[in-house]
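K.L.:
One-letter residues, chain by chain:
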Amino acid sequence: MPSSDLRLPHPPRGAPVTLRFEGRDLPACEGESVAVALYASGERVLSRSVKYHRPRGFFCLDGHCGACLMRVGGKPNIKACLTPVKDGLAVERQNAFPSGGFDVLAAADFFFSSGMDHHTMMTSPRALNAVMQKVVRQLGGLGRLPDERPGGPPPLPAVSVRHVEVAVVGGGPAGLAAAATLARAGREVLLVDEQDRPGGSYLAHPSFGVPAADRAADEARAAGVELISRAAAISWFPEDAPKPGAPPGLLAVYTQAGLLELTADRYLYATGAYDQNALFIDNDRPGVLAARAVGRLLSRFGILPGERPLVLGAGPYAQALASALENAGAQVTRVDGIETRLLAAKGHSWVRAAELLAPGAKRAHRVRCDLIAVAALPAPASELPRQHGVPVELRPQGGGFACVVDADGASAIPKVFAAGDVTGFKGPEAARTQGERAGLALARSFS
Amino acid sequence: MSSKAIVCRCEDVTLDDVEHTIAIGYRSVEEVKRYTGLGTGPCQGKECMVHAALLCARASGAPPETIAPFTSRPPVAAAPLRIFAAAEKDDDDQAQR
Chain A
670 MPSSDLRLPH PPRGAPVTLR FEGRDLPACE GESVAVALYA SGERVLSRSV
720 KYHRPRGFFC LDGHCGACLM RVGGKPNIKA CLTPVKDGLA VERQNAFPSG
770 GFDVLAAADF FFSSGMDHHT MMTSPRALNA VMQKVVRQLG GLGRLPDERP
820 GGPPPLPAVS VRHVEVAVVG GGPAGLAAAA TLARAGREVL LVDEQDRPGG
870 SYLAHPSFGV PAADRAADEA RAAGVELISR AAAISWFPED APKPGAPPGL
920 LAVYTQAGLL ELTADRYLYA TGAYDQNALF IDNDRPGVLA ARAVGRLLSR
970 FGILPGERPL VLGAGPYAQA LASALENAGA QVTRVDGIET RLLAAKGHSW
1020 VRAAELLAPG AKRAHRVRCD LIAVAALPAP ASELPRQHGV PVELRPQGGG
1070 FACVVDADGA SAIPKVFAAG DVTGFKGPEA ARTQGERAGL ALARSFS
Chain B
728 MSSKAIVCRC EDVTLDDVEH TIAIGYRSVE EVKRYTGLGT GPCQGKECMV
778 HAALLCARAS GAPPETIAPF TSRPPVAAAP LRIFAAAEKD DDDQAQR
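Respectively, the protein sequence lines represent chains A and B.
Be aware that the first sequence starts at 670, since it is given in the working numbering, and climbs by one per residue.
Be aware that the second sequence starts at 728, since it is given in the working numbering, and climbs by one per residue.
If you are wondering where the hints come from, they were derived from the structure by calculation, not from laboratory data.
Fair warning: there could be bad hints in the mix.
What the hints assert, rightly or not - One side of the interface only, derived from the structure: several residues of chain B facing chain A at Cβ under 7 Å:
| id | residue |
| --- | --- |
| 1 | Ser729 |
| 2 | Ser730 |
| 3 | Cys737 |
| 4 | Asp739 |
| 5 | Ile751 |
| 6 | Gly768 |
| 7 | Pro769 |
| 8 | Glu774 |
| 9 | Pro796 |
| 10 | Ser799 |
Note that the structure is a prediction, hence the values are computed from the model and not measured.
Ideal Cβ placement from N, Cα and C applies to all residues, glycine included.
Could you put the whole structure together from the sequences, leaning on the hints where they help?
P.N.:
Structure representation (structure tokens):
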């Protein structure tokens, strides 16, 4: 595990701040998330898994995988990847005893080496079972209650209610392009994005990165789009009306100011796609990262994710990432996952090697690596449109359950559109094009 | 440390667990979820549901487009309950539920 700071000289960074990580001071820079700052300092085990207490680091670095839940500022279960660093911010690992670095509860992984039936929590032999029944109660749950606040809980955040002409969910290539197109056509557009910086998958792609993300966001703002960051659309509630007498159906948005009950004349879901893992032995080891997480570390945060990374995947993204890592000075091993298969990750609290099976080979061979970047096809983030009634279809070539829409992005539900990777993974360039087209169609739908 | 291929990271559901579930006759994503607990953790299936769906499709020989996802329920992303606490609804609204 690296001990020195992995921050590259570029891009320029925010002001230095200090994180309090389990009683120690760690350097960080403004603009980084807690997860990124810990990674740059070599702190890679962020959590322990709920059942076997296996060590875990973040996988997606995009707010979706659930592997970076930490106790931050005295509050449990905070996503370290979406939480910006602040000077003096206290960060601790949870769900481990006595500490996240050394967790005796990891014995569960040995006791249940052939798996745990979570219906009964039974194992064998019986004597061990009796012990386990006592231990099991200590194992359950995730995190501890928040620290008590002097002076009692803060006042409840107010709920705001808004109606706009077009609500766009997701600030990636498709959402930003659609929003800009609509605003140029004179429409009132509110775009909500859960990340702290707009750009979505641009920010994970070495060929696009921060410049493309900033350009797209600037164009949208210049066209008149109202853009709210750190605002996660969390539910479509079909029965609820924001006000008495209003037609039912509202989008609940969790903003930093509180709950926003949002309604619109038209809805566009440009929610992107979730990074997926590949299925191999010990694929959950810290150091097995989504390729786009590695891309984010490199392209957005200017951090060299590893010196000997292994890139798994055969697609164009794997190619782009491997080249970018080489340009940054890393010694890259490429594995297509088709001809040569990745059988297992080796290492405990961090990946040290990979076990590969070459074509025609009878036995596996090992390759030393300090990172495995998995470039599997991301899965469409179709939950919200599904809640809104939009039909989806399992498309293996599209990465998962893709929204069914026509060429203009219109779904079977009136006034509800979808564009970008949520309609089947297609990558930033094609997503932008589809977003523009959906924006034009949405603008026409008003006349 | 024992060797496991993890399908659902949040709930520590392994490939062996899912294959066992399919082998004893459960062939839908919903059934695999209920039997293994897959998809019931903090991420709510964002990483495991497609794997489960493809494994079900392969085992049953069913065309992928006939495989349904499990129901998406609010909230899609974790949010503190306190943001809802100020959203008071009138009694009629409550009674209709």
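K.L.:
Against chain A, with CB atoms and a cut of 7 Å, does the hint on Ser799 (chain B) hold up?
P.N.:
holds (4 Å)
K.L.:
Does the nearest C-beta of chain A fall within a distance shorter than 7 Å of the C-beta of Ser730 (chain B)?
P.N.:
Holds: closest Cβ of chain A sits about 5 Å from Ser730 (chain B), inside 7 Å.
K.L.:
Was the hint right that Pro796 (chain B) lines chain A, CB cutoff 7 Å?
P.N.:
holds (5 Å)
K.L.:
So, Cys737 (chain B) near chain A? Judge it on the closest CB pair being under 7 Å.
P.N.:
holds (5 Å)
K.L.:
Using the nearest Cβ pair, does Asp739 (chain B) come within less than 7 Å of chain A?
P.N.:
holds (4 Å)
K.L.:
So, Ile751 (chain B) near chain A? Judge it on the closest CB pair being under 7 Å.
P.N.:
violated (12 Å)
K.L.:
Return the status of the interface hint for Ser729 (chain B): holds when the least beta-carbon distance to chain A is below 7 Å, violated otherwise.
P.N.:
With Cβ-Cβ at 4 Å, under 7 Å, it holds.
K.L.:
Holds or violated: is there a CB of chain A closer than 7 Å to the CB of Gly768 (chain B)?
P.N.:
Hint on Gly768 (chain B): holds, closest Cβ of chain A at ~6 Å, below 7 Å.
K.L.:
So, Pro769 (chain B) near chain A? Judge it on the closest CB pair being under 7 Å.
P.N.:
holds (4 Å)
K.L.:
Answer holds if the nearest beta-carbon of chain A is closer than 7 Å to that of Glu774 (chain B); otherwise answer violated.
P.N.:
With a closest approach of 6 Å, the Glu774 (chain B) hint holds.
When each numbered hint is compared with the structure, a violation occurs for hint 5 only.
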